[in-house]
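Chemist: Quick note, the sequences are listed as chains A and B, same order. The first sequence begins at 1 in the numbering used here and counts up by one. The second sequence begins at 236 in the numbering used here and counts up by one.
Hints are not guaranteed to be accurate.
Using C-beta positions, here's what the derived DEER-type ranges look like [what the hints assert, rightly or not]:
1. A:A115 with B:E408: 57 to 67 Å
2. A:E213 with B:Q466: 58 to 68 Å
3. A:F148 with B:R287: 32 to 42 Å
4. A:W62 with B:D406: 45 to 55 Å
5. A:K214 with B:R469: 54 to 64 Å
6. A:K54 with B:R287: 17 to 27 Å
7. B:F246 with A:W218: 25 to 35 Å
8. B:D449 with A:A111: 33 to 43 Å
9. B:S271 with A:V29: 21 to 31 Å
10. B:D415 with A:W218: 24 to 34 Å
11. B:R344 with A:I50: 22 to 32 Å
12. B:R287 with A:L41: 27 to 37 Å
13. A:A48 with B:G272: 52 to 62 Å
The set of hints was computed from the structure by calculation and includes no laboratory data. Please read these numbers as outputs of a predicted model, since none were measured by experiment. Just so you know, even glycine gets a beta-carbon here, dropped at the ideal spot from N, CA and C.
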Amino acid sequence: MTDRLTDILISSFPQMLLAAIKMSIPLTVISFLLGMALALLLAIVQVADIKILKQISQIYIWIFRGTPLLVQLYIIFHGLPQLGIVLGAFPSAVIAFGMNVAAYNAEAIRAAILAVPTGQTEASYLIGLNYPQLMLRVVLPQAFPISFPSLFNNLISLLKDTSLASCITIPELLAKTQKIAGRTFDYLPMFCEAAVIYLMICTLLTWLQGFLEKKMAWETKKVRTGRHMRLKAGT
Amino acid sequence: MLEVKQLYKSFGKEEVLKGIDFRVDKGEAVAVLGPSGSGKTTLLRCISFLERVNGGEIIFDGLHHDMSHISKKMIRQIRMQMGFVFQSFNLFRNMTALHNVTIGLTAARKMPKGEAEQIAWEMLRKVGLEERAGYYPDQLSGGQQQRVAIARAIAANPKVILFDEPTSALDPELTGEVLDVMKKLADEGTTMVVVTHEMGFAREAADRVVFMEDGVIVEEAPSGEFFQNPQKERSVQFLRRVLGTAK
Numbered sequence: 001m002t003d004r005l006t007d008i009l010i011s012s013f014p015q016m017l018l019a020a021i022k023m024s025i026p027l028t029v030i031s032f033l034l035g036m037a038l039a040l041l042l043a044i045v046q047v048a049d050i051k052i053l054k055q056i057s058q059i060y061i062w063i064f065r066g067t068p069l070l071v072q073l074y075i076i077f078h079g080l081p082q083l084g085i086v087l088g089a090f091p092s093a094v095i096a097f098g099m100n101v102a103a104y105n106a107e108a109i110r111a112a113i114l115a116v117p118t119g120q121t122e123a124s125y126l127i128g129l130n131y132p133q134l135m136l137r138v139v140l141p142q143a144f145p146i147s148f149p150s151l152f153n154n155l156i157s158l159l160k161d162t163s164l165a166s167c168i169t170i171p172e173l174l175a176k177t178q179k180i181a182g183r184t185f186d187y188l189p190m191f192c193e194a195a196v197i198y199l200m201i202c203t204l205l206t207w208l209q210g211f212l213e214k215k216m217a218w219e220t221k222k223v224r225t226g227r228h229m230r231l232k233a234g235t
Numbered sequence: 236m237l238e239v240k241q242l243y244k245s246f247g248k249e250e251v252l253k254g255i256d257f258r259v260d261k262g263e264a265v266a267v268l269g270p271s272g273s274g275k276t277t278l279l280r281c282i283s284f285l286e287r288v289n290g291g292e293i294i295f296d297g298l299h300h301d302m303s304h305i306s307k308k309m310i311r312q313i314r315m316q317m318g319f320v321f322q323s324f325n326l327f328r329n330m331t332a333l334h335n336v337t338i339g340l341t342a343a344r345k346m347p348k349g350e351a352e353q354i355a356w357e358m359l360r361k362v363g364l365e366e367r368a369g370y371y372p373d374q375l376s377g378g379q380q381q382r383v384a385i386a387r388a389i390a391a392n393p394k395v396i397l398f399d400e401p402t403s404a405l406d407p408e409l410t411g412e413v414l415d416v417m418k419k420l421a422d423e424g425t426t427m428v429v430v431t432h433e434m435g436f437a438r439e440a441a442d443r444v445v446f447m448e449d450g451v452i453v454e455e456a457p458s459g460e461f462f463q464n465p466q467k468e469r470s471v472q473f474l475r476r477v478l479g480t481a482k
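One chain only, chain A, in its complex shape:
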């Protein structure tokens, strides 16, 4: 009995890991990148106080944070075809996950932008920078490290949320698990194994987060001595 179980766990592991690597992770990364691009726009129109766009952004966030992700996924995959918009399972998932995570990321970015001291905004204007320069050169480079822990948190959530894609026929980690477990009805060990694989990936991501956070801190930035820089500048 235990030998059989061990066999199943070991023989299924590579297949499940492959499903995670070939589907869960790419789905997470692509959706998150789409979500970041959208989030940046959603956050900036709010901070820049552009009237109509600001309201659209707020309504967007209200809807996508206020409704279940699975419902959003079903509307796009099962619902839109009624309007003649037929999308494949993967594009549907990328759009649903991307648009959903964008709402959360937008709030993280907006909060981080507001956390950059206003004194630097005043200083920027006084030395003659315009608004785009202020944003690109001063505010966003500082807002990014501030928002980074929240953004990474959203990334980790998203990785786990991609398991919902199993509901729309995408062969990601959980779908693969269900398929294997269904053959022998070993649901308990198989789902536990899936949980362990998610946990492994999240552990790696947490390490990566810690490493990147340390790299970004201004206090620990490597300094170059004046003489060194002067030689480089040739002055």
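With chain A held as given, fit chain B onto it using these hints.
Modeler: Structure of chain B alone, referenced to chain A:
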């Protein structure tokens, strides 16, 4: 050089500036003194358009502007010829000391990078921080940060530099290095307005003192005269209080 006339500013119902007439001539260093809450900082912030005024006129470089109806473009043009040093430094945390000084030149004034860096080195040398050019603000002491901020303010060769309590946020042992830089600038004939609580600086380095209280200018005099022979009762009281505790 720079003059404001009948400057009024309220925050809500509270009137902070009640018709200020203020001027600084070319090459002059003016110290603005007064108890906290007298409106000194607000005056400086209005002159640099960080606050919208309720009424007033500014004459800068011979041109008159109505301060409550001035265009953004004109504000930018005037600011490009002003330097401003904040109490809290407000250096850009994501840039090295050198980059803090060059960015106003390269981004706002479209100066080539090489030329801007040459100027920045010169400015950092002037404030004694050449060796710290590659450091980020968080790696510098408060006094060093403020000296970088001064280098940033003087880099574009402004016609006037406004200092808003530049040493108030510093530990006492660090104020000296900043005041020395400011004295040097004053000696070189830099046009400057300094809101300060440093009586020593006002007495030694300023040409003229403006004493404010409750949103009005109470007394204005050459700095030697003001400290030796203040005319107004309130100036006498103020000096007795600040110098009495200092000595």
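Chemist: If a hint holds in the structure, say so; if it doesn't, say that too.
Modeler: Taking the hints in turn, this is what the structure says about them:
1. A:A115 with B:E408: 57 to 67 Å: 31 Å Cβ-Cβ, so the 57 to 67 Å window is violated.
2. A:E213 with B:Q466: 58 to 68 Å: The hint (58 to 68 Å, Cβ to Cβ) holds, given that A:E213 and B:Q466 are roughly 60 Å apart.
3. A:F148 with B:R287: 32 to 42 Å: holds (35 Å)
4. A:W62 with B:D406: 45 to 55 Å: Once the Cβ atoms are compared, 48 Å apart, the range 45 to 55 Å for B:D406 and A:W62 holds.
5. A:K214 with B:R469: 54 to 64 Å: holds (55 Å)
6. A:K54 with B:R287: 17 to 27 Å: Holds, at about 22 Å.
7. B:F246 with A:W218: 25 to 35 Å: This hint holds: roughly 34 Å between Cβ atoms.
8. B:D449 with A:A111: 33 to 43 Å: Since the Cβ atoms of B:D449 and A:A111 sit about 39 Å apart, the hinted range of 33 to 43 Å holds.
9. B:S271 with A:V29: 21 to 31 Å: Distance hint for B:S271, A:V29 is violated at roughly 54 Å.
10. B:D415 with A:W218: 24 to 34 Å: holds (27 Å)
11. B:R344 with A:I50: 22 to 32 Å: Given a distance of about 27 Å, which is inside 22 to 32 Å, the answer is holds.
12. B:R287 with A:L41: 27 to 37 Å: Holds - the Cβ-Cβ distance for B:R287 and A:L41, about 29 Å, lies within 27 to 37 Å.
13. A:A48 with B:G272: 52 to 62 Å: violated (34 Å)
Checked against the numbered hints above, the structure breaks hints 1, 9 and 13 and satisfies the rest.
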